[in-house]
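S.K.: Sequence:
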Amino acid sequence: MASRGPEDVQENTCIVCYKGVDIYSIGRCDHPVCYECSTRMRVLCQQNECPICRQDMPTVIFTVNVRPYSEPKNINVLMDKKFKIVFDSEKVQKAYNDLLAHICPKCEGKFFPNFGQLREHVRRVHQLNYCDLCVENLKILTRERRCYTRQELGIHRRQGDPDDRSHRGHPLCQFCDTRFVDTDELYRHLRRNHLYCHFCDADGYDHYYSTYEFLRDHFRAEHFLCEEGECYDEKFTAVFRTEIDLKG
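So the sequence shown is numbered by full-length UniProt numbering: it starts at 1 and just counts up by one.
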């Protein structure tokens, strides 16, 4: 299927998520996007740039009607002062608050003032748990987060969720016995905290070692390691790619 460009998007469709728009977010650049995308950027990701032109938007207006942006002049205007979001009606303000609400997924209509209290309630009352790694790393709405039984959480961490093929579990560092949110974070951890062969790394092989002794064994078996005299105590610099380099 061909991708859609901005010229193909209908007037009441968000240019970012391609969903129908009931409430618009408009900043000083006058590029309207849906209030949900704007909330994700400003509140969850703490990014105030316009997703279309990247202009900084100190304040945005959430409104049901597309109109040119104007700075709010009324000091009593409906506003989230922390995130600089102005609401053109109480109905719009309620929709924003509902979007960010911390609602128990099991109790009907039970709200909590923050995610921490919801998390404790779900654990204590329903014996369910949120994934620590997902909570710490995924910038998503509370209503989008999943909670699990102890058994389900173990499967989620090791293999992912059965109905979500995009998530294949949280990868494990074999040396630290610690899991990371994704392979990118695991890779950064391995590069910072463990050892690798600079020859193999240059050749595109990802092999890591917990101690220099294991890395030395690799140097000895796969490359050309000098262990004579002062070279025996040298790390990294006494190994060579070829026998010619070793004897040079």
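Just so you know, the hints here were simulated from the structure itself, not pulled from any lab data. This one's a predicted model, so the numbers in the text were calculated from it and none came from an experiment. Using N, Cα and C, we set each Cβ at its ideal position, and we do this for glycine too. You may find that some hints are simply not true.
Stated by the list, open to error - Calculated cross-link-like contacts (lysine-lysine; reagent style BS3-like; alpha-carbon spacing at most 25 Å): (1) Lys-139 <-> Lys-81; (2) Lys-139 <-> Lys-235; (3) Lys-19 <-> Lys-94.
Claimed, not checked - Taking CB as the label site, the calculated pair distances span: (4) Glu-234 <-> Ser-210: 16 to 24 Å; (5) Leu-141 <-> Thr-59: 21 to 29 Å; (6) Ala-202 <-> Val-77: 53 to 61 Å; (7) Cys-45 <-> Cys-200: 46 to 54 Å; (8) Arg-192 <-> Ala-221: 19 to 27 Å; (9) Glu-136 <-> Cys-107: 56 to 64 Å.
S.K.: Hint by hint, say whether it matches the structure.
M.R.: Hints, one by one, checked against the model:
1. Proposed proximity of Lys-139 and Lys-81 is supported: the alpha carbons are some 21 Å apart, at most 25 Å.
2. Between Lys-139 and Lys-235 the alpha-carbon distance is near 42 Å, which puts this suggested pair outside the 25 Å criterion.
3. With a CA separation close to 20 Å, the supplied pair Lys-19 and Lys-94 stays within the 25 Å bound.
4. Roughly 20 Å separates the CB atoms of Glu-234 and Ser-210, a value that falls within the hinted 16 to 24 Å.
5. The beta-carbon spacing between Leu-141 and Thr-59, approximately 22 Å, falls within the hinted interval of 21 to 29 Å.
6. The beta-carbon spacing between Ala-202 and Val-77, approximately 59 Å, falls within the hinted interval of 53 to 61 Å.
7. Cys-45 and Cys-200 have their C-beta atoms about 37 Å apart, which leaves the hinted 46 to 54 Å range violated.
8. Under the hint 19 to 27 Å, the C-beta atoms of Arg-192 and Ala-221, about 26 Å apart, fit the expected range.
9. As the Cβ distance of Glu-136 to Cys-107 is approximately 25 Å, the hint placing it in 56 to 64 Å is violated.
Of the numbered hints listed earlier, those contradicted by the structure are 2, 7, 9.
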